[in-house]
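Residue numbers (the working numbering), protein chains in the order written: chain A, 1 to 307; chain B, 1001 to 1387.
These aren't lab readings, by the way, just hints derived from the structure by calculation.
Remember, it's a predicted structure, so these values are computed and weren't measured experimentally.
Yeah, the Cβ is synthetic: ideal placement off N, Cα and C, and Gly gets one too.
Among the hints, a few may not be true.
As the list claims (entries may be wrong) - One side of the interface only, derived from the structure: several residues of chain A facing chain B at Cβ under 8 angstroms:
{"hint": "1", "residue": "M1"}
{"hint": "2", "residue": "Q3"}
{"hint": "3", "residue": "Q7"}
{"hint": "4", "residue": "R117"}
{"hint": "5", "residue": "P118"}
{"hint": "6", "residue": "Q120"}
{"hint": "7", "residue": "E133"}
{"hint": "8", "residue": "A144"}
{"hint": "9", "residue": "P154"}
{"hint": "10", "residue": "N172"}
{"hint": "11", "residue": "S226"}
{"hint": "12", "residue": "E227"}
{"hint": "13", "residue": "Y236"}
As the list claims (entries may be wrong) - Label-pair ranges, simulated between beta-carbon atoms:
{"hint": "14", "chain 1": "A", "residue 1": "P122", "chain 2": "B", "residue 2": "A1058", "range": "43 to 51 angstroms"}
{"hint": "15", "chain 1": "B", "residue 1": "N1156", "chain 2": "A", "residue 2": "G139", "range": "19 to 27 angstroms"}
{"hint": "16", "chain 1": "B", "residue 1": "N1156", "chain 2": "A", "residue 2": "S115", "range": "38 to 46 angstroms"}
As the list claims (entries may be wrong) - To spell it out: a stretch of chain B is covered by chain A in this simulated footprint if at least three of its residues, at any positions, have a beta carbon under 8 angstroms from a beta carbon of chain A; those stretches are:
{"hint": "17", "stretch": "1029–1039"}
{"hint": "18", "stretch": "1198–1206"}
{"hint": "19", "stretch": "1231–1243"}
{"hint": "20", "stretch": "1254–1261"}
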Amino acid sequence: MAQLLEQFINGLVLGGIYALIAVGYTMVYGIIQLINFAHGEIFMFGAYLALMLIAVFNIPFWIAVPASMLLCAMLGMLIDLVAYRPLRDAPRLSALITAIGISLVLQNLARMIWSARPRQFPTETLPAFLVSEVNIQTGEILNAIPLPGGGILPYRDVCILLLAVVLMIALNRLIHLTKIGKAMRACAQNRVASNLMGIKTNQVIAVTFAIGSALGAVAGIMVGLSENITPTMGYYKGVAAFAAAVLGGIGNITGAMLGGIIIGLAEVLGAGYISSGYRLAIAYIIMIAVIVIRPSGLFGKSTANRA
Amino acid sequence: MRNWLTGLLIIGLVSIFGCEQQKELKVAVAAPYTGGAAAFGEMIRRGAELKEKEINEAGGINGMKLTLLFEDDAGKGSEASLVAERIANNPQIVAVVGHFNSDCSLAGQEIYDRAGIVELSPGSTAVEVCEGSPWTFRNLYHDGFQGKFIAHYIDNVLMDIESVAVFFDNDAYGRGLRNAFVAEAEKIGLTLVASEAYERDSTNFKAQLTSIKAKNPDAIFISGLYTEASLIVKQGREAGITAQFFGADGVDSPDFLTIAGSAAEGVYLTTPFTFGAGGAEAQQMAANFEALHGVAPDTWAALTYDAVGMIAEALEKTYNTEAPIADNRKAIREHLASLDTPEEGYEGITGLTYFDIKGDTVNKPAYVKIVKDGQFVAAEKQLSELK
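For reference, chain A alone in the conformation it holds in the complex:
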């Protein structure tokens, strides 16, 4: 039972990260029907840029996080400007291939700048409470909450979960309560008509890219806190997050959040209780099963509407 609780929290933390990335895929798809394959690379740049700000420019962690979000938002808008905007009225396939191209360019750019060697945030530069470690002799655990039954919950995981929830609520409010959110919803319904009504669609799309990229950057930093930062990290996490977006119904933001949590839980519980050799496979089987039963995903609009 104690183990189940701990695995459940592991799954929620991973799911929260997937959800943050998945939102970026789904928002862009909702507005311009483009699967932005470069989004995984923006996630990776988020981690690297924060690392650079901290390790090279000695900027404190709490400033480096928003700074990296801002830089990634700009990177997302730049990609939209140079790569996708010229293809706005081209066949969808052209934009999709361009997205794959941008993804490869960014991945290899990262390899050129930072090399393929895995990197980590230097422990001493992080706020102390984000680094949990056990004392091998005494078994005493620093910076973590003991769970009933012997499990532990590191403060860092609590922070990741809280931050993910806060960002999700903020995004939800932004879309439903602000003017730009209203414009985004309008563009998602009908871009041409929105334009006729005086909405500057290119600006709305740029803002969409900026928000998605900033959330991706946060996720990249969270992953970098306990895993390695490598040029290919965006590929692995990106594929899982994309699966989450599809599972939730691509184009639907609430669906992407929930899809992320489901994929994260499935991956962790599958590895913990079914077979550890197939952890991603189990998550994908669930995704496929949902798609077979509901082709438009959990929260997706039926496809007839779209066509």
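Starting from the known structure of chain A, fit chain B onto it as the hints suggest.
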């Protein structure tokens, strides 16, 4: 105009014949220069480069220049087959030093076997690597021995450990080593409480670690490579695991220390060679290596240095400039196969290397290292003989 053309022709002919006199002998060094095992590849390249430089500065091989071609298999079997095809089809390459990962050596094996070219691995330890082909050799122990050794070390030296868990990479190396370890551990009375797998390039191990923690083992044996092992140790300590971590030669890379940081402290691992155990020649090599590359050599640099030396010795004794390439490739195999007794063996910096009928090196011992103050040091107690 015509004079000018004739002049060019003469210059061309002279340069061709000029090259002919400075004949090159090409040997491929296949290893993971990119990807998750790239730190191994980097040391392999440096070790090979040092030997190449020393051979050529001493006048080459019978006056011919040794040229190494570095081929990247990225540590993946699928890449290794492509690399092996390219090497086998290049009529200038006489032999292969490599591959490093067992998966890669196995993937290349079939192709090298068909083409009749020697594959001498300085790093693949999966048992089956030397079983499939007479063209495959290695100059270090195999995992049948290593797995057994680790079980005995835990049982005889780390006395207070009674229960163990295994966390293994789901590839030829990880599975083979786990099997050898588990078989012996159960035979000598250690209790196996958990056996969990992970895929190469995984970065999140919390699910498996939580399962292992619930079984409360005294020690966790990681059967895999340094990139994943360092994260396993780090995330394990974060998750509150206090068990003793034990690794094998796949963990033996300076990068393990940099990624795992303070979590690496106290981790034990086995390795086929340490400079501390080497003689004067090994110390000399270490000094030359540091002068050339600016860093200290590791185990894999030393084993590759010796593997290149063995191929060079074979070329020196057998290479015939008149013979076709297939005969020269074959002569190298015949020479290596003839090194089958301690008297015939090759004396390198990592000790004496000679082969059994399969191409395995069975005489080399295993050493145990421990991480202390962020450095690998020889463990206080070594185990010289297996009961």
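### Query
Taking 19 to 27 angstroms as the hint, is the beta-carbon distance of N1156 of chain B and G139 of chain A inside that range?
26 angstroms, holds
- [ ] Report holds or violated for the interface hint on Q3 of chain A, using the least CB-CB distance to chain B and a cut-off of 8 angstroms.
- [x] 4 angstroms, holds
A closest beta-carbon separation below 8 angstroms is what the hint needs, so does Q120 of chain A meet it against chain B?
6 angstroms, holds
message = Tell me if the beta carbons of P122 of chain A and A1058 of chain B are separated by a distance inside 43 to 51 angstroms.
response = Holds: the Cβ-Cβ distance is about 44 angstroms, inside 43 to 51 angstroms.
Can you verify the interface hint for P154 of chain A: is its Cβ closer than 8 angstroms to any Cβ in chain B?
6 angstroms, holds
ask   = Are at least 3 residues of the stretch 1029–1039 of chain B within less than 8 angstroms of chain A when you compare beta carbons?
value = Holds, because 5 residues of the stretch 1029–1039 of chain B bring their Cβ atoms closer than 8 angstroms to Cβ atoms of chain A.
* Assertion that chain A covers the stretch 1254–1261 of chain B - criterion: three or more residues, beta-carbon distance below 8 angstroms -> With 3 residues close enough to chain A, the hint holds.
Chain B contact restraint for E133 of chain A - C-beta distance below 8 angstroms: 5 angstroms, holds
Tell me whether the statement that chain A covers the stretch 1231–1243 of chain B is true, taking a Cβ distance below 8 angstroms and needing three residues at minimum. holds (count 9)
Using Cβ atoms only, decide whether P118 of chain A comes closer than 8 angstroms to chain B, and label the hint accordingly.
-> Interface hint status for P118 of chain A: holds (6 angstroms vs cutoff 8 angstroms).
Can you verify the interface hint for S226 of chain A: is its Cβ closer than 8 angstroms to any Cβ in chain B? Result: holds, 6 angstroms to nearest chain B Cβ.
Checking hints one by one. Is R117 of chain A an interface residue toward chain B, by the C-beta closer than 8 angstroms rule?
7 angstroms, holds
The structure shown violates the earlier hints numbered 1 and 10.
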